[in-house]
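Asker: As a plain string of letters, each chain reads:
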Amino acid sequence: AQKITQTQPGMFVQEKEAVTLDCTYDTSDPSYGLFWYKQPSSGEMIFLIYQGSYDQQNATEGRYSLNFQKARKSANLVISASQLGDSAMYFCAMREGQVHQFYFGTGTSLTVIP
Amino acid sequence: DVKVTQSSRYLVKRTGEKVFLECVQDMDHENMFWYRQDPGLGLRLIYFSYDVKMKEKGDIPEGYSVSREKKERFSLILESASTNQTSMYLCASTPYGRGFNQPQHFGDGTRLSIL
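First to last, the sequence lines map onto chains A and B.
Position one of the first sequence corresponds to residue 53 (my numbering), numbered consecutively onward.
Position one of the second sequence corresponds to residue 41 (my numbering), numbered consecutively onward.
In short, the hints are calculated from the structure, not lab data.
Predicted model only: the values in this text are computed from it and were never measured.
A couple of the hints might just be wrong.
[As the list claims (entries may be wrong)] Below, a list of computed lysine to any residue pairs in the SDA-like style, where the Cα atoms sit at most 25 Å apart:
{"hint": "1", "chain 1": "B", "residue 1": "LYS95", "chain 2": "A", "residue 2": "GLN54"}
{"hint": "2", "chain 1": "A", "residue 1": "LYS55", "chain 2": "B", "residue 2": "TYR90"}
{"hint": "3", "chain 1": "B", "residue 1": "LYS95", "chain 2": "A", "residue 2": "ALA111"}
{"hint": "4", "chain 1": "B", "residue 1": "LYS53", "chain 2": "B", "residue 2": "ILE100"}
{"hint": "5", "chain 1": "B", "residue 1": "LYS111", "chain 2": "A", "residue 2": "HIS152"}
{"hint": "6", "chain 1": "A", "residue 1": "LYS55", "chain 2": "B", "residue 2": "LYS95"}
{"hint": "7", "chain 1": "A", "residue 1": "LYS55", "chain 2": "B", "residue 2": "LYS53"}
{"hint": "8", "chain 1": "B", "residue 1": "LYS95", "chain 2": "A", "residue 2": "ALA140"}
Just chain B, same shape as in the assembly (with noise of 0.2 Å):
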């Protein structure tokens, strides 16, 4: 089985940190994904990467940059928290290459408190 897993399940940051959120899966998948989930709104894509070192803008990139050095850690970066972005962040993975019917695969969520 897959296994996509987040540095921490809660986190508890003061506005003005730099954050480090961090995602590591173990079956080779060349994409990974960040999306922030806050209610009423749904799974809101931060930023993707399909190789190492390459990333791309998803629908809410303000505030966030991420970090891809080897292929299986894709890590999250808060340059500078504030209180707006508490929410929940999820890691997602898939292969690549093997046709659109592949799912995501989710680590366990770190829901992030910024105080």
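Here chain A stands alone, though its shape is the one from the complex (with noise of 0.2 Å):
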């Protein structure tokens, strides 16, 4: 089973608008932690929120928020008032207690239109 699942190949939003990039994770460890990461077309791998499975408010940094729904195991990030520089592939990963692997998904390709 995939232990991450991110169900969008492509997105597209209006500059200035709203938009959520569903995450949906699958572990029967009680300790774990979700991220997000960003890639431009550049390559580089961008690091912009992590949630912990304890944590009891969700995580926001700047204009990216993360909706963590633990009941349902989703963890969407939001991206508030998009911008033209938003326009990437957007990775979500989770990391199981101490285990060292990173487990992504398949990432989802953002396109903000002007």
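Since each chain comes alone in its own frame, lean on the hints to assemble the complex.
Answerer: This is the structure:
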């Protein structure tokens, strides 16, 4: 079974609008962390936001927020007030407990339309 | 800031060549990782290392080997390059023992073409 599932291969959003990128995860470990990364066309992976399994509140970092629904095992990324520079691939990832390995989804390609 | 440096952004090699991809990090991280990224498949783990001279196979180790002789350096080796190894290769590192909230820090990637 896939540990991380991103069901939206591509998304479009109008500039200045908000957009939600979906991520669901699968784990039986009560301790885990969820991460979102941005990958522009230049290729580098940029860490955006983190949510821990024990965190009571949704994580926020500037225009990024994470809609964490633990019972549904979802960790959707919300980008508010989209900008042209937000056009990129976005990856959701998970790390379980003390395991070294990270699990990545297949990514969502976001295009911001002027 | 953590700096993860990959030796080449672009690399072109021929089938059958032995290819070395080098990765160096400057933050004394214990864990280092090699991924390959292909369209529609996301990032797939090839190998990782949690200490000098220690290595673990990831999901797709076939056709690859790794070397970690020093803590800061993690090398990926394609023993005999084949065209199906044309891909984007990403190196990453994380510290060990500070909890699972530490993100991976990535290099800029190497776009490898095997002709």
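Asker: Now look at each hint and say whether the structure bears it out.
Answerer: Quick rundown of the hints versus the structure:
1. B:LYS95 to A:GLN54: Since the Cα atoms of B:LYS95 and A:GLN54 sit roughly 24 Å apart, the hinted pair holds (cutoff 25 Å).
2. A:LYS55 to B:TYR90: OK: A:LYS55 and B:TYR90 at ~22 Å, within 25 Å.
3. B:LYS95 to A:ALA111: Violated, because 33 Å separates the two Cα atoms, which is more than 25 Å.
4. B:LYS53 to B:ILE100: Between B:LYS53 and B:ILE100 the Cα gap is close to 21 Å, so the pair holds against 25 Å.
5. B:LYS111 to A:HIS152: Holds. B:LYS111 to A:HIS152 sits at ~16 Å (cutoff 25 Å).
6. A:LYS55 to B:LYS95: Status holds; Cα separation ~22 Å.
7. A:LYS55 to B:LYS53: The hint is violated at about 34 Å.
8. B:LYS95 to A:ALA140: Status violated; Cα separation ~32 Å.
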